[in-house]
Structures are given as structure tokens and as C-alpha cells.
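Starting from the known structure of chain E, arrange chain Y on it as the hints suggest.
Spelled out, the chains give:
There are 2 protein chains.
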Amino acid sequence: MKTRRETASEATTHRLSLLLRSLRVVENEGIRTISSQELARRFGLNSAQIRKDLALFGEFGVRGVGYRVPDLKARLLTLMGLDRTRPVVIVGAGNLGQAMADSRNFNGDSFRVVALFDVDGRKIGGKTRSGVPILDASQIGIEVPRLGAEIGVVAVPAEAAARTVDALARAGVKAMLSFAPTPIVPPPGVTVKTVDLTLFLESLSFQLG
Amino acid sequence: MKTRRETASEATTHRLSLLLRSLRVVENEGIRTISSQELARRFGLNSAQIRKDLALFGEFGVRGVGYRVPDLKARLLTLMGLDRTRPVVIVGAGNLGQAMADSRNFNGDSFRVVALFDVDGRKIGGKTRSGVPILDASQIGIEVPRLGAEIGVVAVPAEAAARTVDALARAGVKAMLSFAPTPIVPPPGVTVKTVDLTLFLESLSFQLG
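Chains as they are written, first to last, in our numbering: chain E, 1 to 209; chain Y, 1001 to 1209.
Extracted from the complex, chain E is given alone in its bound form (with noise of 0.2 Å):
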């Protein structure tokens, strides 16, 4: 049987994200009560979308009140598996690589870079600029497991993607992001994400005409 997570789409996946960023910004306002159409108008939100995407969850509003902030907030991050820190490794320390490590995207209370790979000896048994090691890519299968990453980014180039993901997978990693301009055909039980930046340029010069 799949559980609420597994069947819940991907649609609904960004929009439970966005909603939890708004309700970020509204805590930080010092806001405790907020309703689905005051969070809609403010963020650009659709209420009755906002209450048909939590009603898949359970029972989260209270009638006349609206949401509670930080309970919402709260369950929201339990929900979504945010209300701890995965360590994520990154394969590939090029520019791209080094970026994501140091970036506050991927350093915060739910994420933490805990190593970079590569295959360039010159890079390895270095460290980024705030300081995450550069190991060795014939290491994933040993370090892997030692560090206990959750999530695998993928930053090398398109012919060495496939050989990448299946590496991270073989030592555990189920969830993975690629930036491997190159459709990758994960492996049973693994997610890949692909950020495909051509396509978001493709799209832009489709609407400049």
C-alpha cells in the first residue's frame, strides 16, 4: 500500500513548500493566526487549494481562526521530513559543486553539505571556502555510509551522470539531485531529480520570440 506521501504529486510537493515559506515570513512578522485566503492573497496562493492540499494530511485548521502559524509551521516540517538535518554530499567540485556547498540553500536547519567528491587529485584533501572536505570519488562506497548521507547531488559532467548516480546509489543513497544536462534512468527504489537549466533557457527564448 503507498502511503499519503507516496501518492501525494509533485504539484503538491512545491506548493506545500511554498506554503511553508510563506508561513516563514508571517512568523517573522510575529503573526500566530493567519487564514488560507489571507495566506492566498498575500503570496499569490490558492485558498481552496491551500485546504484541499492539507486535508490530504489530516486536520490542520481550526473554523473562525484560521491556521495557527507555528503549529501549522510545525507540522508542515514534520510532514515533508524538514524537521531534521540530512547530511547531502555533493559529487563534483567544480565551480558548480563548490557553489552548492557553500550555499545557504544547502546549509540550513533541514540540509547540511557534508562532503564534496571528485576525481581530480588536485581537489582532493582540499576543502571549500567554508570549509567542506573534497574527498575521494572512489571513496562514495566507504564514505558514504560513514557520513550517513540522505541525498546525493549530482555536479559532474553529462558523461560521467549515469556512472555518478549509480555509485551514490549502490552506497545507499536514495534521493538525488542532477545537474547532468543528460536524462538519467535511476535505479528501483531511487529518486533523481534533474535540473535542467537549458530547458528554463529554451523556455525564455521561446517567450522573447
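Because the hints were derived from the structure by calculation, they are not lab data.
Be aware that a few hints might be false.
[Said to hold, decoys possible] Quick list of in silico lysine-lysine cross-link-like pairs, DSS-like style, CA-CA up to 27 Å:
no., chain 1, residue 1, chain 2, residue 2
1, E, K123, Y, K1052
2, Y, K1127, Y, K1052
3, Y, K1073, E, K127
4, E, K127, Y, K1127
5, Y, K1193, E, K193
6, E, K52, E, K123
7, E, K193, E, K73
8, Y, K1174, Y, K1073
9, E, K193, E, K174
10, E, K73, E, K127
11, Y, K1052, Y, K1193
12, Y, K1127, Y, K1174
13, E, K123, Y, K1123
14, Y, K1052, Y, K1073
Below, chain Y without anything else, positioned relative to chain E:
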């Protein structure tokens, strides 16, 4: 009146990009004609959807033969505005900006990075590894029109994102890609697509449970 291009949804644009990529693959294999069914089978697309998307823009297929690969590819390139090279500028010469400036994604037949901009005096006047010049961000209003840049990439910290978008818009850039982890309200007539890496990570976390 809106053009067909303006009425094509984001999802359509995305599918046309994927179709174009599939055509490049089969063309490289020397295949001259292909049916929508075969494209669908090989690349995990939907054959009825392919026919429907292409029908928005005119007659492409030949009954009983399928699509002529070079013709369809050429027409898609023209349709998407990818049949010429668009100059791209990147604001923010950190690791991320430099990674993109030197990336194959951003330097092909359809796009070329012509300059980076930064506020850091130690970077201004330098070049990236592949030779892209790093210019003074205060000169965006002069340099962007001179370079004829059509697309701007925003790779600055969140707090500098809004003023970067404004500076690029004032310099005539109508299409931007932002990596800043903050919502952007684009000026009228300007399209800003945001690549929000936190959303990707949160989605992976959600699936891990």
C-alpha cells in the same frame, strides 16, 4: 491580440524543449523520419500530446511517414527562437555565476555568455576560466545594450536580487533566470523564471519521509 507563442503554456514550452532534445538524439543516430509513437516509446513522451502540441503551430507530420527529423528540428528551432545565438549576461561572479559562464548549457548554438558582472573590485577586470570578462555591475546600463544581451541571469545573494532585476530591466533585458532564493516581482513586460533549489531539496526530503 496574443500570439500563439504567448498562449502556449509553460508546460507546452517544456514539452517542446524535450521533443527538440529527442530529435537531436535521433538525428545524431542518422534517423531521417520518425513517428510520434516511436518518439513517445523511446523518450518516455506521450504520442497524442506530441501531435497536439505541434498542431498548435501548424502542420508538421506526413501521414503514414511520420515526422521528417531534420525538418521538424529546424522548424522547432525557429519556433522557439533557438535558430540564432542569444547573448546572455550573468550578474554575480561567485562560484555559481562562474560555473554557468563556463558551462556548455549556456554556451552552445543558441546561447552565449558574453559577460559577467560583479560589485567586487578584485573580480572586476578579470576573466573566467573560459575567458568570459567580469565587468563592473555599476556599468550594467551601459554594457548590456552595447553587448546586445537578451537574457540576464541573476546569481547574486537574495538581498541584491531585486535591484539586479531592476538594473537589467532598465538596460533592456526582457527575460531573466534567477537563482536568488527570494520571490521576484518582475517589472511589466519582463519575464523572470526562478530556479529554486530549496524546493527541489524539500521535495526530495518529502519523498524520503
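Hint check:
1. For the given pair, E/K123 sits about 49 Å from Y/K1052 by alpha-carbon distance, which is inconsistent with the 27 Å threshold.
2. Note on Y/K1127 and Y/K1052: the hinted pairing is violated, with a Cα-Cα distance of about 46 Å set against a maximum of 27 Å.
3. Annotation: proposed proximity of Y/K1073 to E/K127 is violated, straight-line Cα distance about 44 Å (limit 27 Å).
4. Between E/K127 and Y/K1127 the CA atoms are separated by roughly 23 Å; this keeps the pair inside 27 Å, and the hint holds.
5. For the hint pairing Y/K1193 with E/K193, the CA-to-CA distance comes to about 18 Å; that is within 27 Å, so the pair holds.
6. Our distance criterion of 27 Å between C-alpha atoms is broken by E/K52 and E/K123, whose separation comes to about 49 Å.
7. A C-alpha spacing of about 25 Å is found between E/K193 and E/K73, which places the hinted pair at or below 27 Å, so the restraint holds.
8. Simply put, Y/K1174 and Y/K1073 have alpha-carbon atoms about 26 Å apart, close enough for the 27 Å limit, and the pair holds.
9. The suggested pairing of E/K193 with E/K174 holds, with an alpha-carbon distance near 11 Å, which does not exceed 27 Å.
10. Between the alpha carbons of E/K73 and E/K127 the distance comes to roughly 35 Å, so the proposed pair goes past 27 Å and is violated.
11. With a C-alpha separation of about 25 Å, the suggested pair Y/K1052 and Y/K1193 falls inside the 27 Å cut-off, and the hint holds.
12. Using a Cα cut-off of 27 Å, the hinted pair Y/K1127 and Y/K1174 holds, with the two alpha carbons roughly 26 Å apart.
13. Between E/K123 and Y/K1123 the CA atoms are separated by roughly 22 Å; this keeps the pair inside 27 Å, and the hint holds.
14. A hinted pair counts as satisfied when its Cα atoms are at most 27 Å apart, and Y/K1052 with Y/K1073 qualifies at roughly 17 Å.
Of the numbered hints given earlier, the model fails hints 1, 2, 3, 6, 10; all others are met.
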